[in-house]
Every structure is written in structure tokens, then in C-alpha cells.
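> Sequence:
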Amino acid sequence: MNQRSWQAVLGALLVAGIALLAWSWLRPMTPEAAARRLAARLAAAAPASGSARVGQFRRILEASAGPDVTVDVPELGHVSGTASCAAELSRALDGYTGLDLALRNVQSSNLADGAVQLQARLRLDGTKGGERLYHERQFISSWRRDGDVWRVTSVEFAVGDDAPPEARP
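Taken in order, the sequence shown gives residues 1 to 169; the numbers are from this note's numbering.
Calculated from the structure, these hints are not laboratory results. Predicted model only: the values in this text are computed from it and were never measured. It cannot be assumed that every hint is accurate.
[As the list claims (entries may be wrong)] The following label-pair restraints were derived from C-beta to C-beta distances: (1) G55 <-> A112: 32 to 42 Å; (2) T127 <-> D148: 30 to 40 Å; (3) G55 <-> L111: 26 to 36 Å; (4) R132 <-> P67: 12 to 22 Å; (5) P67 <-> D148: 15 to 25 Å; (6) R59 <-> G147: 14 to 24 Å; (7) A52 <-> N110: 32 to 42 Å; (8) P74 <-> G147: 30 to 40 Å; (9) R132 <-> N110: 18 to 28 Å; (10) Y134 <-> A40: 12 to 22 Å.
Just so you know, even glycine gets a beta-carbon here, dropped at the ideal spot from N, CA and C.
With the hints as constraints, model all of the structure from the sequences given.
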């Protein structure tokens, strides 16, 4: 194959890759997929520091949450609004240098008002101060459709289970 043929093949592959990426990001998604994407984006932004992390979290939440989003965490209490939630989230994740947030056992149910409620376990597996930390807890979140986008409107966490998976029965 000559150089011009290779360039055409590579160009076609590049166009196909961009089209696939655009389709995966722009297609209407389920609340489950939106929740998984939100967790991945927050985990990726966590290693940033100080005001940079708060700013990243705020942009992520503004794109993924309703303006009146509320979060209830037993240790932190009730927080509402994207700016307050971003600041609290930044404080809670301060010092993590590696972080993985994963959703497990996701179950959804339709609510009477058109919203969707997700129940799942959120697993945080990370490194803080050179020490590996594991944290897992049940949470319930409500999601509402805004055009083609699902936005989280509330999140409520239960008391956590901090035992690493290998130490639990």
C-alpha cells in the first residue's frame, strides 16, 4: 500500500473515531449512565488542588446537576446548590492523589412526577497521604430530565462501611 492509501485509511479511521466519540457523548443517555459518567468525572478532577479543584467540581456539577441540587451526608449534614456542593465535595476529597469512584448494584425506579430514583452503592478507593483508603456506602439519588440530559437533583448517603473488600465477610 502506498503512502497516499495509508493516509486515506488513517483519515477514515480518525473520522470514524471522532464520530463514535461524538455519538457516545451526545446521544440521550439513561440516568444510570449519567450517574456513572458523573462519578468518573469527579474522580478525575479530585487530584487537583484547592481552588482549582473547587472550580472543576463546580463546572462538573453545573453540567450534571440541577441548580437546586441537595446532598445529605451523615457526617456533613445537608448541603444545597451547586457552589456549596462543589466546595463541600472539594473539602471531603482534599488530599487524595489517586481516586476511583465506582457505582455498584444500581437499581432504578420511576417516580410519579417523571423523575427517576437510583439506588446504588458508591465505592471510593483511593490514596491519601500514601495510605490506601477504601470507603463504600449506599446512596439514593433523584434524576430529572432536562431536554436530552439527565440532571441529578438530590443525593442522600447512608452511614458508610469503611472495611476494605478483602476484610468484609
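> Kindly confirm whether 12 to 22 Å is satisfied by the beta carbon distance between Y134 and A40.
holds (18 Å)
> Just tell me: holds or violated, for the beta carbon distance of T127 and D148 against 30 to 40 Å?
With Cβ atoms ~36 Å apart, the hint holds.
> Given the hint of 26 to 36 Å, check if G55 and L111 actually sit that far apart at their C-beta atoms.
holds (32 Å)
> Does 14 to 24 Å hold as the CB distance between R59 and G147, or does it fail?
With a Cβ separation near 19 Å, R59 and G147 satisfy 14 to 24 Å, so the hint holds.
> Can you tell me whether the CB distance of P67 to D148 sits inside 15 to 25 Å?
Since P67 and D148 have Cβ atoms about 18 Å apart, the given range 15 to 25 Å holds.
> Cβ-Cβ distance between G55 and A112: within 32 to 42 Å?
At roughly 37 Å between Cβ atoms, A112 and G55 fall inside 32 to 42 Å, so the hint holds.
> Could you check the hint for me, namely that R132 and N110 are 18 to 28 Å apart, CB to CB?
Distance hint for R132, N110 is violated at roughly 38 Å.
> Holds or violated: 32 to 42 Å for the Cβ distance of A52 and N110?
Holds - the Cβ-Cβ distance for A52 and N110, about 38 Å, lies within 32 to 42 Å.
> Taking 30 to 40 Å as the stated bounds, is the beta-carbon spacing between P74 and G147 within them?
Cβ of P74 to Cβ of G147: about 34 Å, so the range 30 to 40 Å holds.
> Using the Cβ atoms, figure out if R132 sits within 12 to 22 Å of P67.
Violated: the Cβ-Cβ distance is about 36 Å, outside 12 to 22 Å.
Violated hints, listed in ascending order, are 4 and 9; each of the other numbered hints is respected by the structure.
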